[in-house]
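Assemble the complex: chain X is given as a structure, and chain H must be docked to it using the hints.
Given next are the chains, with one letter for each unit.
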Amino acid sequence: MTAARRALPALVLAGLFALQFVLGDYDHTNMARILVLACFAVGYNIAFGMTGLLSLGHAMFFAAGLYGAGFSAELGGVAPPAALAAGTACGLVLALAVGLVALRTSGVAFMIVTLMFAQACFLTILHFNELTRGDEGFVIAETARRFALAGVVLDAADPTVRYNAALALFALAYGAYLALARSRVGRVLVGIRENEDRVRMLGYDPYRYRLFALTLSGALAGLAGAAYALLFAYVGATFATTQYSIYPLLWVLLGGAGTALGPLVGTGVMFVLVDRLSGITSSYLMLVGLALILLVVLFPKGILGTVGQRRARNRS
Amino acid sequence: MTLLATRGLGKSFGGLEAVRGVSLDVAEGEVRAIIGPNGAGKSTLVGMVAGRTRPSAGTIAFAGRDVTALPAWRRVRLGIAYTFQITSVFSGLTCRDNVALAAQHGDRRDRDERIAVALRRVGLADAVARTASALSYGHRRLLEVAMGLALAPRLLIMDEPTQGLAEGEIDGLCRLVRALRTETTVLLIEHNMAVVMALADRITVLDRGAVLAEGPPAAVRADAAVRAAYLGA
Numbered sequence: 001m002t003a004a005r006r007a008l009p010a011l012v013l014a015g016l017f018a019l020q021f022v023l024g025d026y027d028h029t030n031m032a033r034i035l036v037l038a039c040f041a042v043g044y045n046i047a048f049g050m051t052g053l054l055s056l057g058h059a060m061f062f063a064a065g066l067y068g069a070g071f072s073a074e075l076g077g078v079a080p081p082a083a084l085a086a087g088t089a090c091g092l093v094l095a096l097a098v099g100l101v102a103l104r105t106s107g108v109a110f111m112i113v114t115l116m117f118a119q120a121c122f123l124t125i126l127h128f129n130e131l132t133r134g135d136e137g138f139v140i141a142e143t144a145r146r147f148a149l150a151g152v153v154l155d156a157a158d159p160t161v162r163y164n165a166a167l168a169l170f171a172l173a174y175g176a177y178l179a180l181a182r183s184r185v186g187r188v189l190v191g192i193r194e195n196e197d198r199v200r201m202l203g204y205d206p207y208r209y210r211l212f213a214l215t216l217s218g219a220l221a222g223l224a225g226a227a228y229a230l231l232f233a234y235v236g237a238t239f240a241t242t243q244y245s246i247y248p249l250l251w252v253l254l255g256g257a258g259t260a261l262g263p264l265v266g267t268g269v270m271f272v273l274v275d276r277l278s279g280i281t282s283s284y285l286m287l288v289g290l291a292l293i294l295l296v297v298l299f300p301k302g303i304l305g306t307v308g309q310r311r312a313r314n315r316s
Numbered sequence: 001m002t003l004l005a006t007r008g009l010g011k012s013f014g015g016l017e018a019v020r021g022v023s024l025d026v027a028e029g030e031v032r033a034i035i036g037p038n039g040a041g042k043s044t045l046v047g048m049v050a051g052r053t054r055p056s057a058g059t060i061a062f063a064g065r066d067v068t069a070l071p072a073w074r075r076v077r078l079g080i081a082y083t084f085q086i087t088s089v090f091s092g093l094t095c096r097d098n099v100a101l102a103a104q105h106g107d108r109r110d111r112d113e114r115i116a117v118a119l120r121r122v123g124l125a126d127a128v129a130r131t132a133s134a135l136s137y138g139h140r141r142l143l144e145v146a147m148g149l150a151l152a153p154r155l156l157i158m159d160e161p162t163q164g165l166a167e168g169e170i171d172g173l174c175r176l177v178r179a180l181r182t183e184t185t186v187l188l189i190e191h192n193m194a195v196v197m198a199l200a201d202r203i204t205v206l207d208r209g210a211v212l213a214e215g216p217p218a219a220v221r222a223d224a225a226v227r228a229a230y231l232g233a
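Residue numbers (my numbering), protein chains in the order written: chain X, 1 to 316; chain H, 1 to 233.
In isolation and in its complexed conformation, chain X is listed as follows (with noise of 0.2 Å):
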């Protein structure tokens, strides 16, 4: 690994920090919310990207983030980094229960599994209504949404602390991602998704691994909804829903799939053009559809895995 491969990291994070002061209160506040789901996007490439693991279900995740912290932090009064404790907890646990069950299927089964899964979530949160407010939603409480780090009170309403509490969290996950990677489970997730009868013969159950895999995967999207919720407010079931499940899946392919950094570039543009679209026309998903058909042909590894295939053809 050279120097400027190793130093990328730490410059990507300084780079992200030092966006903050340059952009307008608009862009900021998009910036914050791009970083956020951003983190639901690490937490689908590590099962996806990494492992192989196609989910169409990680809405479910996210929306159990959200909903933990938003009952914490609105219904039990619970200071917002409490709330976000919670919510994470609510999308491992939730990971590792579906896990248990969907993991022993694969394939399309796998992605079958997930979706029902995820659907079931759905229903049940319209049919709790009176406690979920359903598809309309409810608003967490301003003072829900202050707190106190060592001494100083904080609002997760104000745009400085939201925008990097965003960034904290991304680096996080970021973090998460590039220690896993370079780690020997990383390297048995790749192994699975790369072949798994061989990792089997090599001494590892891959239903184990997949399952740490999907639990991780599915902490880290209720680590984000968790955060959507305290740092923009909201909370209703539309982040339940299947497209919320898509979402994650084409940031990831456009970004590129297994690269760490993949994941925050494909959200990125995708909100870029969702946001620039929409203010031209009201039919913006389709021209959006037509973007992402023409990033997929001319880069099928996603924008940063076509860049790094590049960058090998030219070394060799």
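I should point out that these hints are in silico values taken from the structure, not numbers from a laboratory.
It is possible that some hints are incorrect.
[Claimed, not checked] Non-contacting residues of chain H with respect to chain X, defined by C-beta distances greater than 10 Å in every case (computed):
| id | residue |
| --- | --- |
| 1 | Gly15 |
| 2 | Ser43 |
| 3 | Gly64 |
| 4 | Ala72 |
| 5 | Arg74 |
| 6 | Asp97 |
| 7 | Arg120 |
| 8 | Arg154 |
| 9 | Glu169 |
| 10 | Gly172 |
| 11 | Ala210 |
| 12 | Asp223 |
| 13 | Ala225 |
[Said to hold, decoys possible] Here are some of the chain H residues that sit facing chain X, going by a computed Cβ distance under 10 Å:
| id | residue |
| --- | --- |
| 14 | Trp73 |
| 15 | Val89 |
| 16 | Met197 |
These figures come from a predicted structure and were not determined experimentally.
Even for Gly, the Cβ is constructed at its ideal location relative to N, Cα and C.
For chain H alone, coordinates are given in the frame of chain X:
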């Protein structure tokens, strides 16, 4: 001491009995070859020993322990390593990472050393950083063997290791297997009779799923039934 003992081992696929009542005793430190015509059940037999195929009948004991019900990955941990007939390396990973997946079970401190030794022993020391997909077919086979070695197995199952290797590579592999004799027991499925005769301490001949003959190379070569069924001379 007997390292591997199968008793009445059988496997049927639907109506076809691929392996019938095979009882095999392999002593520790021995190189045992299993030969037989195509379809004799050799791969199915070692597949059952490795845990890749569930037997329909019989038992398998390894180092005095009944392993018949253990999943494949647990058997690997006990010391049964399997190298694939159809090369099955991680083509997207470097040679080093391929072998590291096998070597990382053991002590962390000398892991890099063990990876280097395994690659050196198969003659791939120069290919450490190369991606497996960039290797020639023969070199991928050798990488497969290096992964088996890096597991530091008590029993190394090699399914047709010389298939697709060049003349010089076959000689290298024979030297390697001979050198392994002091550290591991080898179960070798092999079609190349020159290799079998040169390496094996004992040979088991399978025919239509059952043991036809067993003994040292010279005795098997002389056996009239074997000649009729297999050697064709």
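Checked hints:
no. : hint   : in the structure
1   : Gly15  : 27 Å, holds
2   : Ser43  : 14 Å, holds
3   : Gly64  : 20 Å, holds
4   : Ala72  : 5 Å, violated
5   : Arg74  : 8 Å, violated
6   : Asp97  : 6 Å, violated
7   : Arg120 : 20 Å, holds
8   : Arg154 : 13 Å, holds
9   : Glu169 : 21 Å, holds
10  : Gly172 : 23 Å, holds
11  : Ala210 : 27 Å, holds
12  : Asp223 : 34 Å, holds
13  : Ala225 : 34 Å, holds
14  : Trp73  : 5 Å, holds
15  : Val89  : 7 Å, holds
16  : Met197 : 29 Å, violated
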